[in-house]
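Got chain H; can you put chain U on it based on the hints?
Chains H and U, in that order, are what the protein sequence lines are. Under the working numbering, residues 1 to 470 are what the first sequence spells out, in order. Under the working numbering, residues 471 to 940 are what the second sequence spells out, in order.
It should be emphasised that the hints constitute simulated quantities derived from the structure, not laboratory data. It should be emphasised that the depicted structure is a prediction, and the values quoted were computed from it without experimental measurement. Glycine is no exception: its CB is placed at the ideal position from the N, C-alpha and C atoms. Some hints here could point you the wrong way.
[Stated by the list, open to error] Here are a few chain U residues that sit away from chain H, every Cβ distance over 10 Å (derived from the structure):
id, residue
1, P491
2, H505
3, L554
4, G640
5, S694
6, R704
7, S729
8, Q810
9, D847
10, S851
11, R867
12, G922
[To be verified] Residues from chain U shown here face chain H by an in silico Cβ test under 10 Å; the list is partial:
id, residue
13, A553
14, T707
15, T709
16, K741
17, D806
[What the hints assert, rightly or not] Computed Cβ-Cβ distance ranges for the label pairs, DEER-style:
id, chain 1, residue 1, chain 2, residue 2, range
18, H, E120, U, G548, 46 to 52 Å
19, U, Q891, H, G274, 40 to 46 Å
20, U, R854, H, G23, 49 to 55 Å
21, H, D231, U, E485, 49 to 55 Å
22, U, R686, H, D331, 57 to 63 Å
23, U, S489, H, S224, 49 to 55 Å
24, H, G274, U, P491, 36 to 42 Å
25, H, G63, U, E760, 28 to 34 Å
26, U, T494, H, S224, 45 to 51 Å
Number of protein chains: 2
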Amino acid sequence: MSHSSSDRIAQALREWVASAPAGTRLPSTRELVAHHEASPVTVQKALRMLMGQGLIESRPGVGTFVCTAPVARPQDYGWQTAALGSPQRSLPRPTAALRATANDMITLRSGYPDRDLLPERLVRAALTRSARGTSAVTRPPVAGLPDLQAWFASELGQLTPPGVAAPAAGDAVIFPGSQSGLVTAFRALVGAGESLVIESPSYWGAILAAAEVGVRLVPVPSGSHGPDPEDLDRALTQTGARAFYAQPHFANPTGAHWSPELSEAVLDVVKRHGVFLIEDDWAHDFGIDEDVVPLAARDEDGHVVYLRSLTKSVSPAIRVAGLVARGPARDRILADFQAQSMYVSGVLQAAALDVVLQPSWRSHLRSVRSQLASRRDLLVSAVRELIPSAHLDAAPRGGLNLWLRLPDHTDPHQISLACEQRGVAVAAGDDWFPAEPVGPYLRLNYAGPNPGAFPEGARIIEECLQRPQG
Amino acid sequence: MSHSSSDRIAQALREWVASAPAGTRLPSTRELVAHHEASPVTVQKALRMLMGQGLIESRPGVGTFVCTAPVARPQDYGWQTAALGSPQRSLPRPTAALRATANDMITLRSGYPDRDLLPERLVRAALTRSARGTSAVTRPPVAGLPDLQAWFASELGQLTPPGVAAPAAGDAVIFPGSQSGLVTAFRALVGAGESLVIESPSYWGAILAAAEVGVRLVPVPSGSHGPDPEDLDRALTQTGARAFYAQPHFANPTGAHWSPELSEAVLDVVKRHGVFLIEDDWAHDFGIDEDVVPLAARDEDGHVVYLRSLTKSVSPAIRVAGLVARGPARDRILADFQAQSMYVSGVLQAAALDVVLQPSWRSHLRSVRSQLASRRDLLVSAVRELIPSAHLDAAPRGGLNLWLRLPDHTDPHQISLACEQRGVAVAAGDDWFPAEPVGPYLRLNYAGPNPGAFPEGARIIEECLQRPQG
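In isolation and in its complexed conformation, chain H is listed as follows:
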């Protein structure tokens, strides 16, 4: 019995109930079964949903009836204004990347890969097996399932050059997604009021996490080749920042991929200043022209705190990320994590481990790589041919996004609104700047549904750039 069919019926009934006066009797289950061409089980489930929501009530032997409408009168929460006072930290509003978009839209905005790019069969099989396993009814250790910790550590260990000590399973902490990993790393390693150096532009979720913790962001410019080590050096010297948050591989949004030389240079600066590099390897599974080699693999003495999520590449439902840190830093992170979350559901951890241990996980990653390659190439050529008034740097060698520079003096928010009105969802670049945007940008994501519509989307973007007022 699929959720969707009973959901569909529940939705239809909800509309019917909303329009019916209180006390109206519902059609019999038999009638509903016939009307919705569904099984009695499915219809019963839909009815239970509405009962659970207090919309209908069943009078045994009599029938099911629309409940008397709940009291509706305007509520006054005015007293809360005084009680809450002005917020200690004002958080940025939810970004475009999390906003839902209508099905008929051309979506170049989604932050999560389309369902076609997920190992759906593997995920369902893994969840089904976990549902049978002990993890479905037991509590895992605070730091995570040992075998999953070991997997995250060994993924790094296999890339560790000889002579460098590979991370141990115990160095990994399992988080319910990378956002909580970022919040905990920022709080445990930097702390409220202290400074954190960040690339500009950078991942909006990291900017949000910093605001949440109350750390002071120190932006260093970062273009399509990554940041300039001298800028980083200067920023660390001037601010006494405690850490540098960066995405060295296919950065969101710029797509920047650090060269081995830049990686070495950054590691040197970080070590010289005795600070942490918080390496967000969000696109580890989304390399297109090359694979990711984390800086953490070359870390000798716990300067790099490594964060790697499975949510985007396995499934949004597998809310599992691994954070690898060594020394006292790891202990601080674990203590903060426990105070935040206690532990991550063992079912999700077991399912994540199950997926990445399947032989077909490797072949899935290979097919994702080729799909992303053609999606990227399609969008890049569409942008180059059909959006002449905008500028695109070199195509990214991995990741999910293009970072499109708009003509000077265009307002990206106005453009994204205009595009949305014409059925194309794009994200204004401003959300990705920790400080004032240095220019008008759009972030175009090529991992969304219906890549066939990329050219049409590009055409409409160009139109909006020509006549933003429509």
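Just chain U, lined up with the frame of chain H:
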């Protein structure tokens, strides 16, 4: 293929590999299948685990071999001491309630109900269905699955007296467990450096969450009947605290259950002071002699922020809690939640909803109630008969714990250590006090495995009270 069997084989292989020199060839799969009496699939899974951990490597056509041992040399993380500085907040160390206990121990310490008390069949079926549903491969809205929000709201709504507006689905926010709900409520409604009134003793997780957020705790004494409204009134006046965190129903650890009169009185004080009551209804499904009627059901104007988790009553793997708040408070909470966690896995939300909508969920709760009744009565009589030197107030009318007063000048930590050495796991009461403990207590949990051993456990506790030095 169950996780446990492949785990068992993986564990055996791990030991074998640890003792084998690098390069040693492993027995063939056929040999392993025969040796472990397991299916080839299970053996393969165990082998993949070890490969994933870099312990063994497969040379196609040749065989599987023990990997060359990783570099092992002492690491020096000394630089981190300077980088981290002294912690901004020092967090209490993990409490006894989360510590694992050996299988052969008599466990009166576990914070989570024994597997016998979980709706295991329902949980596995629900997870299996969710694995098939859309929630396995899609991202739910930030605030939660609408139908699950509606369920949490309606559970309160069904207890809302006529004339009072019932909470709406949109007032509920789904959290990955109640710990993150507490942290977010404390941060969004109170904030670092501000004061929060709390019962003493109270739930250690709330004390941990307060330390995490950096709120200043203002304890009011709370015995087996709950706090004195005048103490609360005084505390709020003197400290200008912004909220009162309380467990009005079968409080952990005291078992206190507020009378309707006390509930009214507390609501009056809270309203008069224009502050929030953060109602932690952790034991909603564990009423024994009576049902829980949340104060939130009688809340007219958003003074009560209601937190209710399904983790303890459904499964530790279903890390799902609902927080119901109204007005600007709800918006602040949602903003903080998004910055913390983005969203909760849809699979867990769908499974939780599936379980609580099953007709057999109700019958399961009835059977849990009777099981808890006999477990409680068994432990109460064991304590009364066999631990004469300790004092127990009235037996709790619900919840999972007895709060045992030890003779003056006993050290509960010393007692719990002595008991542990003799195979009985108990929790020293000190963890539950936000300030200095007012006396020596043990918390005895009667929801753990093997209730038949309660009398034996009680006998040993008494022995330890007589001769703590053993």
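Evaluation of the provided hints:
| no. | hint | result |
| --- | --- | --- |
| 1 | P491 | 19 Å, holds |
| 2 | H505 | 21 Å, holds |
| 3 | L554 | 6 Å, violated |
| 4 | G640 | 12 Å, holds |
| 5 | S694 | 27 Å, holds |
| 6 | R704 | 19 Å, holds |
| 7 | S729 | 26 Å, holds |
| 8 | Q810 | 6 Å, violated |
| 9 | D847 | 26 Å, holds |
| 10 | S851 | 29 Å, holds |
| 11 | R867 | 26 Å, holds |
| 12 | G922 | 21 Å, holds |
| 13 | A553 | 5 Å, holds |
| 14 | T707 | 15 Å, violated |
| 15 | T709 | 14 Å, violated |
| 16 | K741 | 8 Å, holds |
| 17 | D806 | 7 Å, holds |
| 18 | H/E120 x U/G548: 46 to 52 Å | 48 Å, holds |
| 19 | U/Q891 x H/G274: 40 to 46 Å | 44 Å, holds |
| 20 | U/R854 x H/G23: 49 to 55 Å | 53 Å, holds |
| 21 | H/D231 x U/E485: 49 to 55 Å | 51 Å, holds |
| 22 | U/R686 x H/D331: 57 to 63 Å | 25 Å, violated |
| 23 | U/S489 x H/S224: 49 to 55 Å | 51 Å, holds |
| 24 | H/G274 x U/P491: 36 to 42 Å | 40 Å, holds |
| 25 | H/G63 x U/E760: 28 to 34 Å | 32 Å, holds |
| 26 | U/T494 x H/S224: 45 to 51 Å | 48 Å, holds |
Hint compliance for this structure: hints 3, 8, 14, 15, 22 are broken, all remaining hints hold.
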